[in-house]
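Number of protein chains: 2
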Amino acid sequence: MITYEDFKKVEIRAGKIVSAEKIPETDKLLRLVVDFAEKKELVNEAGEKSLVPSVRQIVSGISAYFPDPAVLVGKICMFVTNLEPRMIKGFESNGMLFALSDENGNFSTLEPNSSIAPGTLAK
Amino acid sequence: MITYEDFKKVEIRAGKIVSAEKIPETDKLLRLVVDFAEKKELVNEAGEKSLVPSVRQIVSGISAYFPDPAVLVGKICMFVTNLEPRMIKGFESNGMLFALSDENGNFSTLEPNSSIAPGTLAK
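As you go down the protein sequences, you meet chains R and V in turn. Mapping the first sequence onto the working numbering, position 38 (from 1) lands on 38, and the numbers just tick up by one. Mapping the second sequence onto the working numbering, position 108 (from 1) lands on 108, and the numbers just tick up by one.
Calculated directly from the structure, the hints in this document are not laboratory data. Source: prediction; values computed, not measured. One or more hints might be untrue.
Each pair may be met inside one copy or between any two copies, as identical chains are not told apart.
Taking lysine-lysine pairs in the DSS-like style, the calculated list, with each CA pair at most 30 Å apart, reads [to be verified]:
#1 K22 with K8
#2 K8 with K40
#3 K22 with K39
#4 K123 with K9
#5 K123 with K49
#6 K8 with K49
#7 K28 with K49
#8 K22 with K40
#9 K16 with K89
#10 K49 with K22
#11 K89 with K49
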């Protein structure tokens, strides 16, 4: 059993998959680029700051379920977004796909309906 | 930022909604009965133990999105299943619907595809 505070620590957000490709020389890994409607601050040569759209790279071990990873592009799926970044086979992963799989080889992403904008937090 | 261990403490499972009804004299609350393919041990008068199917009652503040709660019956949605039970307006709730809503009034459940059995853990 956990408390509501334990649950609230975990951020799971809707993200739109911008690109998806197999990582060469791996069996299972896809490299996803995912849009959570985030912005980051950039400083130009004149020292001026501006906010620009920013996407995340997320590595996921789901290649077996997507022989053609291109079918994922444009989908809005759910991702854990506040995990510490980690390196997977030389690729930095800034999040984790949040999905379902069972011992029979069934797999499902979790796709909200079309009213939901990228970046929306599940709760 | 959280660790993977923080994330793993939270159990979010697929559950099939068996019944859904508005709680009288409340604005927002639905009383859901949800099947996670769980069983509980019963002892009969002879002292014999047996495992019988068990469902959970879950109270959720989503009545505004479902004027006719019957549309929820039969759907498989996602629920946080290891929160401590709590009492809401006199009804015990043994879990929490895990869904999305935003400040514009948009709402979405998260429904896995049909290959996923009730009780399956998201990860």
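Here is what the structure says about each hint:
no.: 1; hint: K22 with K8; verdict: between (33 Å within a copy, 26 Å between copies)
no.: 2; hint: K8 with K40; verdict: both (24 Å within a copy, 29 Å between copies)
no.: 3; hint: K22 with K39; verdict: within (26 Å within a copy, 41 Å between copies)
no.: 4; hint: K123 with K9; verdict: both (11 Å within a copy, 16 Å between copies)
no.: 5; hint: K123 with K49; verdict: neither (33 Å within a copy, 38 Å between copies)
no.: 6; hint: K8 with K49; verdict: neither (32 Å within a copy, 38 Å between copies)
no.: 7; hint: K28 with K49; verdict: neither (40 Å within a copy, 44 Å between copies)
no.: 8; hint: K22 with K40; verdict: within (27 Å within a copy, 44 Å between copies)
no.: 9; hint: K16 with K89; verdict: within (23 Å within a copy, 38 Å between copies)
no.: 10; hint: K49 with K22; verdict: neither (35 Å within a copy, 51 Å between copies)
no.: 11; hint: K89 with K49; verdict: neither (34 Å within a copy, 50 Å between copies)
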